[in-house]
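Just so you know, the sequences run in chain order A and B. Per this note's numbering, the first sequence runs over residues 66 to 175. Per this note's numbering, the second sequence runs over residues 4 to 119.
Since the hints were made in silico from the structure, they are not lab data. Note that the structure is predicted; figures quoted are calculated from it, not measured. It is possible that some hints are incorrect.
Simulated DEER-style distance windows between Cβ atoms [claimed, not checked]:
id	chain 1	residue 1	chain 2	residue 2	range
1	B	Met57	A	Arg66	41 to 51 Å
2	B	Ile80	A	Pro175	45 to 55 Å
3	A	Asn120	B	Lys16	42 to 52 Å
4	B	Val55	A	Ser97	24 to 34 Å
5	B	Glu65	A	Arg66	17 to 27 Å
Heads up, simulated DSS-like pairs for lysine-lysine below, C-alpha to C-alpha not over 27 Å straight-line [as the list claims (entries may be wrong)]:
id	chain 1	residue 1	chain 2	residue 2
6	A	Lys67	B	Lys6
7	B	Lys6	B	Lys73
8	B	Lys21	A	Lys110
9	B	Lys58	B	Lys16
10	B	Lys16	A	Lys67
11	B	Lys73	A	Lys162
12	B	Lys16	B	Lys60
13	A	Lys107	B	Lys21
14	B	Lys21	B	Lys73
15	B	Lys60	A	Lys162
16	B	Lys58	A	Lys162
17	A	Lys110	A	Lys67
18	B	Lys73	A	Lys67
19	B	Lys21	A	Lys67
20	B	Lys74	A	Lys144
21	B	Lys73	A	Lys110
22	B	Lys6	B	Lys74
23	B	Lys58	A	Lys110
24	B	Lys58	A	Lys144
25	B	Lys56	B	Lys73
26	B	Lys56	A	Lys162
Think of the CB as a built atom: it goes at the ideal place given N, C-alpha and C, for glycine as much as any other residue.
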Amino acid sequence: RKEVEQDPGPFNVPEGATVAFNCTYSNSASQSFFWYRQDCRKEPKLLMSVYSSGNEDGRFTAQLNRASQYISLLIRDSKLSDSATYLCVVRMDSSYKLIFGSGTRLLVRP
Amino acid sequence: DVKVTQSSRYLVKRTGEKVFLECVQDMDHENMFWYRQDPGLGLRLIYFSYDVKMKEKGDIPEGYSVSREKKERFSLILESASTNQTSMYLCASRITAAGGGFTEAFFGQGTRLTVV
C-alpha cells in the first residue's frame, strides 16, 4: 500500500464548479500536511499547508481528519487557471522526508 | 524569491554513461533533496542532504550517488545510466525553521533525462 494515496482523476469540471479532492495516508505518525500544485511541465509549488483545525485561503479550503487519516482540498468557483495536478504531501514527525502522493489532475473547462 | 536552479532542462544520454545533474539554491538552505517523478508513481525521494557533506538515502537510491561539497550545491550522479533511469528529476531545497520545524520546499524547474 502506498504511504500517500490520491485519486489520479482527471476531474473534469465546468468553470464555477466546486470540486473536492481527498488524500489518505497510512502512517499515523504523520505530523505535517500540505497541498502542492503542479502545472503541466513545471515544478511543484506549495499551495497551502493543512492545519488540524482546517484552513481557508480564498477559494481553497483544506481539512485534516486525523482519526480517519485523510486530508481534503476543496476548490470553490473553479477557474480555468485552476487546471493543474494537485499533490498531497505528508511529513512524519522528526523526519526530513516529504512523502508525495502521485497527484490528482484537475481540468476546468469553459 | 527563493531560486533553485537545475543545470539542464532536457538531457539525452547513452546507456552506460556517467551523468551529472547539478542543482544550486541561493537562499542558504540547509536541506536539499533529489526526487524523480514518473507517471502514476508521483515524486520519489532518491537522496537528501541536511548539511554540507552530509547525505541520506531516500526511498530509491540504487544506481545513484550524490555530492554536497558546498551548501548551495547538491549534485546527483548516475554512475552508469540505464534506460530505467529515464525520468523527470526534481531538486528541492528547504530551510530548517526555528524550533526545528520545516518550511515549504522550493523546487527547481526539473531535468527531463532520457537514456537511450
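Can you give the numbers of the hints that this structure goes against, from lowest to highest?
Going through the list in order, the structure violates hints 1, 6, 8, 10, 18, 19, 20, 24 and respects the others.
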